[in-house]
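Peer 1: Each chain is listed here by its residues.
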Amino acid sequence: KNEVEQSPQNLTAQEGEFITINCSYSVGISALHWLQQHPGGGIVSLFMLSSGKKKHGRLIATINIQEKHSSLHITASHPRDSAVYICAAAGGTSYGKLTFGQGTILTVHP
Amino acid sequence: EPEVTQTPSHQVTQMGQEVILRCVPISNHLYFYWYRQILGQKVEFLVSFYNNEISEKSEIFDDQFSVERPDGSNFTLKIRSTKLEDSAMYFCASSTSGMGDTQYFGPGTRLTVL
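Read top to bottom, the protein sequences are chains A and B. Letter by letter, the first sequence follows residues 2 to 111 in the numbering used here. Letter by letter, the second sequence follows residues 61 to 174 in the numbering used here.
There could be a bad hint or two in this list.
[Stated by the list, open to error] Calculated cross-link-like contacts (lysine-lysine; reagent style BS3-like; alpha-carbon spacing at most 30 Å):
| id | chain 1 | residue 1 | chain 2 | residue 2 |
| --- | --- | --- | --- | --- |
| 1 | B | 138 | A | 2 |
| 2 | B | 117 | B | 143 |
| 3 | A | 56 | B | 102 |
| 4 | B | 143 | A | 2 |
| 5 | B | 117 | A | 2 |
| 6 | B | 138 | A | 69 |
| 7 | B | 102 | A | 54 |
| 8 | B | 143 | A | 55 |
| 9 | B | 138 | A | 55 |
| 10 | B | 143 | A | 69 |
[Stated by the list, open to error] Per the computed footprint, the stretches of chain B lying under chain A, defined by three or more beta-carbons under 8 Å from a beta-carbon of chain A, are:
| id | stretch |
| --- | --- |
| 11 | 76-86 |
| 12 | 133-144 |
[What the hints assert, rightly or not] The following residues of chain B were derived to be distant from chain A, with all beta-carbon distances above 10 Å:
| id | residue |
| --- | --- |
| 13 | 123 |
| 14 | 124 |
| 15 | 149 |
| 16 | 161 |
| 17 | 163 |
| 18 | 167 |
| 19 | 168 |
| 20 | 172 |
| 21 | 173 |
To be clear, the hints were calculated from the coordinates, so they are not data collected in a lab. All of these numbers come straight from a predicted model, not from anything done at the bench. Note that the Cβ used here is the ideal one computed from N, Cα and C, for glycine as well.
Use the sequences and the hints to build the structure in full.
Peer 2: If you want it as structure tokens, here you go:
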């Protein structure tokens, strides 16, 4: 059974700060997903990665397969980035079943 | 841009009643999922569905739960006899392929069991 842990659980930042959210998982995976959940509850996929690094705008996601660790970075944070960020692991032998972390609540103040 | 839709957005029911939650996945997707999130807790996997059958299910997905793709567009989750602890947000998701593919989530149905 895969355990997915995120840190920190809560993160408060000032606008413009560089933000890092960490995710670790216990067993091998086929892919690691980063998701964003807004206060209304909807979930949006940000990244899906199985190796290396991906970048989309101010968001960067990295993964280290050997260390079973992934990070999500936000450069030049903005109040509209305030949301819950969730990492989720796709198991190596499953048809896409995701195991979710508990989420990181990010609040960016102007 | 295509999106996953879910109805209703909020369902209130009495304990013991049957509920059906509906989802319309993205039209060319082949893999379908249901997840749930109890208030304040992690999102949990319930079931995955491919080629008109269940691919994988969690311990939560017991005999009270069933899924169906009754036509070419809808994907439903049925709870036969709801319990108080079934109160949660239920998310449908779909993807083009299974393993390691991006999943697109619907907006969720909030189920409240009284």
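Peer 1: All hints are to be evaluated individually against the structure, with a verdict given for each.
Peer 2: These are the hints, each one checked on the structure:
1. 138/B to 2/A: Cα-Cα ~26 Å, so holds.
2. 117/B to 143/B: 19 Å, holds
3. 56/A to 102/B: This hinted pair holds, its Cα atoms lying about 26 Å apart.
4. 143/B to 2/A: 26 Å, holds
5. 117/B to 2/A: At roughly 14 Å apart (the allowed maximum being 30 Å), residue 2/A and residue 117/B satisfy the hint.
6. 138/B to 69/A: 36 Å, violated
7. 102/B to 54/A: 25 Å, holds
8. 143/B to 55/A: Given that 30 Å is the threshold and the Cα spacing comes to 42 Å, the pair is violated.
9. 138/B to 55/A: 38 Å, violated
10. 143/B to 69/A: Roughly 37 Å between the alpha carbons, so the hint for residue 143/B and residue 69/A is violated.
11. 76-86: violated (count 0)
12. 133-144: violated (count 0)
13. 123: 20 Å, holds
14. 124: 20 Å, holds
15. 149: 6 Å, violated
16. 161: About 6 Å separates residue 161/B from the closest Cβ of chain A, which leaves it inside 10 Å; violated.
17. 163: 6 Å, violated
18. 167: Residue 167/B not clear of chain A: closest Cβ-Cβ about 5 Å, inside 10 Å.
19. 168: 5 Å, violated
20. 172: Fine: 13 Å to the nearest Cβ keeps residue 172/B off the interface.
21. 173: Its Cβ never comes within 10 Å of chain A, the nearest being 17 Å, so this holds.
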